[in-house]
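Based on these hints, arrange chain B on the given structure of chain A.
Residue strings, one per chain:
Number of protein chains: 2
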Amino acid sequence: MTRKIFKSFVTIEDALNELYKHFTPKPVGVEEVSIDKALGRVLATNVYSEIDVPPYDRSTVDGFAVIASDLVGADEDNPITLKKIGELRTGVVPAIEVSSGTTIEISTGAMIPPGANAVVMVEYTDTENDNVIFYRSTYPGENIQSAGSDIMMGELVMRQGTRLSPRELGVLAAIGLEKVLVYKKPKVAILSTGDEIAPLGKPLKDGQIYDINSSVISGFVQESGCEPIFLGIARDNADEILDKIKDGLTKADVVITSGSTSAGVKDVLYQLIGKLGSPGIIVHGIKIKPGKPTLIGVIDGKPLFGLPGYPTSAAMVFTQLFAPILRQMAGLSPTVAMKKLQAKLTVRINTAPGRRNLIPVYLLRKSNDEHVALPAKQESGSITSFSYADGFIIASENVSYLDEGEVVTVNLFSSQISPPDITIMGSHCVGVDLLSSLIHKRYPNIHVRIINTGSMGGLRAIKRGDADIAGMHLFDEATKSYNIPYIKNYGLEKSTVLVRGYVRELGFVVAKGNPKQITSVKDLLRHDVRFINRIAGSGTRIYFDMLLKNLANEENTTFNELVKEIKGYEIEAKTHNAVAAAVKYGRADVGLAIKPVAIKNGLDFIPLTKEHYDFLIQKVNLSKPSINVFLEILKSDEFKKELPKQNPGLFSDEKTGEIIFGTNM
Amino acid sequence: MTRKIFKSFVTIEDALNELYKHFTPKPVGVEEVSIDKALGRVLATNVYSEIDVPPYDRSTVDGFAVIASDLVGADEDNPITLKKIGELRTGVVPAIEVSSGTTIEISTGAMIPPGANAVVMVEYTDTENDNVIFYRSTYPGENIQSAGSDIMMGELVMRQGTRLSPRELGVLAAIGLEKVLVYKKPKVAILSTGDEIAPLGKPLKDGQIYDINSSVISGFVQESGCEPIFLGIARDNADEILDKIKDGLTKADVVITSGSTSAGVKDVLYQLIGKLGSPGIIVHGIKIKPGKPTLIGVIDGKPLFGLPGYPTSAAMVFTQLFAPILRQMAGLSPTVAMKKLQAKLTVRINTAPGRRNLIPVYLLRKSNDEHVALPAKQESGSITSFSYADGFIIASENVSYLDEGEVVTVNLFSSQISPPDITIMGSHCVGVDLLSSLIHKRYPNIHVRIINTGSMGGLRAIKRGDADIAGMHLFDEATKSYNIPYIKNYGLEKSTVLVRGYVRELGFVVAKGNPKQITSVKDLLRHDVRFINRIAGSGTRIYFDMLLKNLANEENTTFNELVKEIKGYEIEAKTHNAVAAAVKYGRADVGLAIKPVAIKNGLDFIPLTKEHYDFLIQKVNLSKPSINVFLEILKSDEFKKELPKQNPGLFSDEKTGEIIFGTNM
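Here the protein sequences line up with chains A and B, keeping their order.
Under my numbering, the first residue of the first sequence is numbered 1, with each subsequent residue one higher.
Under my numbering, the first residue of the second sequence is numbered 1, with each subsequent residue one higher.
FYI, nobody ran anything at the bench for these hints, they're computed from the structure.
Check the hints yourself; a few may be wrong.
Note: identical chains are not told apart, hence a pair may lie in one copy or across any two.
What the hints assert, rightly or not - Straight-line alpha carbon distances no greater than 20 Å define the calculated PhoX-like cross-link-like pairs of lysine-lysine that follow:
no.: 1; residue 1: Lys610; residue 2: Lys640
no.: 2; residue 1: Lys516; residue 2: Lys377
no.: 3; residue 1: Lys179; residue 2: Lys202
no.: 4; residue 1: Lys21; residue 2: Lys441
no.: 5; residue 1: Lys610; residue 2: Lys641
no.: 6; residue 1: Lys339; residue 2: Lys366
Since the structure is predicted, the reported quantities are computational estimates derived from the model, not experimental observations.
With the rest of the complex left out, here is chain A:
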């Protein structure tokens, strides 16, 4: 295997300048669309009005058309009477003329009849047979909107480049346009590469993973005002990739590839792409992290962009480098509609100097306008970290860290993304899922994010201020009590309150009928039993390890010796559901989980204990309206009723929703 070492790295600016030497981002064409299909499109021409709006003098009120001089001096005490000679409805062409001493009744929007120069509102008149009594005078032009006063024939009503919102559609309709010339949506061909990449909807073969990037990039392409075309998946083979790129260049205005094409294939590919057209690959290697192997080419006037393979990296590089180019090709301004937010960093972030660092973050809402940004843990290739990442921050080449407390600009991944109102971290529980559902039902505008980190993770998150609420069920062996000893141990007894959550039955989850006859921890040491563990730091894991320690004492051995005996101790499930799924699908014989996940999955449950699942909240956050909503729902009768109904083995008690440790002072 020969490996490509990237020799020439350039800055983002140099990369783009190199691109602009060969390609100018501009609209790819125009097309006519009907007004009802034009929402969100971009006007490709200046629009001048061919008519006057309104096209005729019209009444702006229901009333009587008069000659103003007929009513000089009219008031409550000295009303003046005119003879009503007709009625004018809206949309009707006046057939008679108002002459001195006469009046015509007129509806809002109707044409002003010849002769009349003012309209008196019906409120200031009385009608007796054919006589209309006026209690007010008027002046020429009152309550008349003259022809062209709104838009005059020949006037420029809308400028080229305007994005059409409902407001603009209304203005175009006002001058009678049924169709409008807009910029064509550029077509963007999308290709995923890699021998391991499999299409969606089909079962995976060994060694395969699903194609994530095609869907992500397609979404971004659409949000940039372009139309995606899927080229499918190319195996990691220069000819196959080249064929797909060729196909893309005939079908589309831009080709975007993604995936970690192996270095060997890349070398060959670069030369071959050059033969497709000129100038070929112009940038391969950018001083950016992640995104080093980002590729930019131009082939006979059409750009070719190569993104990194990991979804978070692909998303950041696309948003930062390529979205502005696609937007300009769609006739949109490059970045103005991109959503940005100011947020305070709660932790120091070390960066790689000499490269521009794009750091994915998730956001915590402190108040309506105040946000906190936290780095989304970047495990290599993790899609979960992407699913929490709201956007990214940029650290320039000349800094080596971003400081705690610094205010940073977060580039949101989509204008559809807004930070959650409540972030709950900690132990996974179906009861928390229910709370989130009930909040959504009663307060659909309140957006709850749940991140499963285990109880200890929740505790640490509250200490750092990374979460609003931590769900925890940490059993302390010494005191035989839940949670409070841990809070004290973390020095949080002054700054937080613990709110009573609910009670959960915890036990072994085994297949229906308990085929392996598991009744105690001791059975897990058997060679025919495969265990599925929970993640380190979870309350369930801590409880299980305590069971093991007790057993070690009884058996006169050590914890570590016992661990070695348990098959699957090192396999860590993040959620109770995942434990149940492992047992259900035969990947494990037993795991420790709460009762409802066993019941829902048709599995058997062997109870071990009843535990307290409580919520830890920073005192400073108790005044946040969203936290009060959380507490309101936790205390609600609906939650008390639904919790055991939906989740057998979970139930509220008389203290649910009350502060059981710390005071709200």
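What follows is chain B alone, placed relative to chain A:
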């Protein structure tokens, strides 16, 4: 004509509560869509993963798979050599096992071969034939992403009610979903009513205006996540309206009507609608301004909403009352995605107490995050005021005014709307249009709004702080100079600077060949000559009135006497183009305008004077980046070249772009 007087007005809250008694806004159904069509849709179900992600233990780097214990103690000084027994590419199922003393070369993303428990990055190795030299030790699990570590089988990966952005599409793709269950888009039938309303695209008959509301409401309906269905236009006739509503109820989940149905027709209609289904009309009359005649009905479970006829009113009432209902029916949160901005009011606004006031405003950007809101002049039925309105502010029933300087919340009409970076008010000029185009070309993110108010309007706007820049060409007879005397007269000589714009040739615009033989102002007094005037406050109007005054002196008569002689003096065109159009289409014989509009419209031009068109800017705004962009473009060679080329009769001079009055101190 009998007229309906609205007897029972209710508050917005009471109106909605009344609605909720008969109708609960909730999704109308679910449908399966493929992931590539799912952007922006709302998940209708909880999604659990049926697979582990990744599905197998994989390498996160390019390197060598080893048994960690083989490399204990390895470093630069004491490298350890292992035998390479194979290579593993991504997507390939390992065929051989790593045993002690051996290693397998492995690509990023490839499956970890049996036996191996760590991967060492290629950077820390050297290869000599079949021998791999390791300069670093490792530990079990290093550079390995284990199966299910990202998403575990059985895990809840996405909650019901999630709106799908590109990020969410990526997560769904990660677990292999090709299709996803989303809420159906509710169908909303849209009906415009009124005898005067004509469909788009066809010439208007006398007394007709185009259907504006169908397009506006259709846009809003789409932005609320629903699908519009056009029912067309119903004449103001109870049977016709009823037939269309019936049609809408069979085709759609909601029916929205708009238009000023005449009071007489309404009375009949209300009773007939009740016969379509139960309970019929439940609210007709809301304590809201505008929007008093807003109508709410429910017919056998389907809501019927009646909006006011004027577009601005319809837009505000829809946004405030009905958009949240439609959004909930689409599965979206009622208001969270609605864009709001804080802005400072620059003028006091008097409101109608006892009703909730919705006040359309336009926004001025003071800095990135700081905005100023100004009421959009609400001429009855004006579509122009709607075209400038960015959103509206709400004044509650118990206030009678909003004070100057108050910070208000502006509800934007669309998430696509963002406040302009530069607002130019004042005299209409094609040169300003050119400046705007050149700014857009060089700085596509800078959004320029031009509001034509005439020169005096611009001067007043700068005094009040309603505009960033005023374009003006005000001739002072006494001093025979432009602009500066007016600035002094307004007391702005200390707070503003005047920047030299350019020179314009001003004269009479007449039909080709000058058929009426017009050569001087005196000809305008002839009975066979029809004039088209400019709006009061425009520099052109002031210049024309000065010509008339001079003529009055010469002729020994008064200005007012002369005005009476001029046919069309009272018809006011807002723009030079509109003057040219009036002459071109024979509605007038002559008007006063700048040369380029005559040339462009194929008309003749009789020059009268050369005038200075300059720009007035508040000193405090000179530091705004957007103002500097404006000045940069004004001074640019491109503008100097394009101005006379595109607009014969307009040209820069040596001072263009320089401050000619006031100092930047």
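query: Which hint numbers does the structure go against, in order from smallest to largest?
result: Failing hint: just 2.
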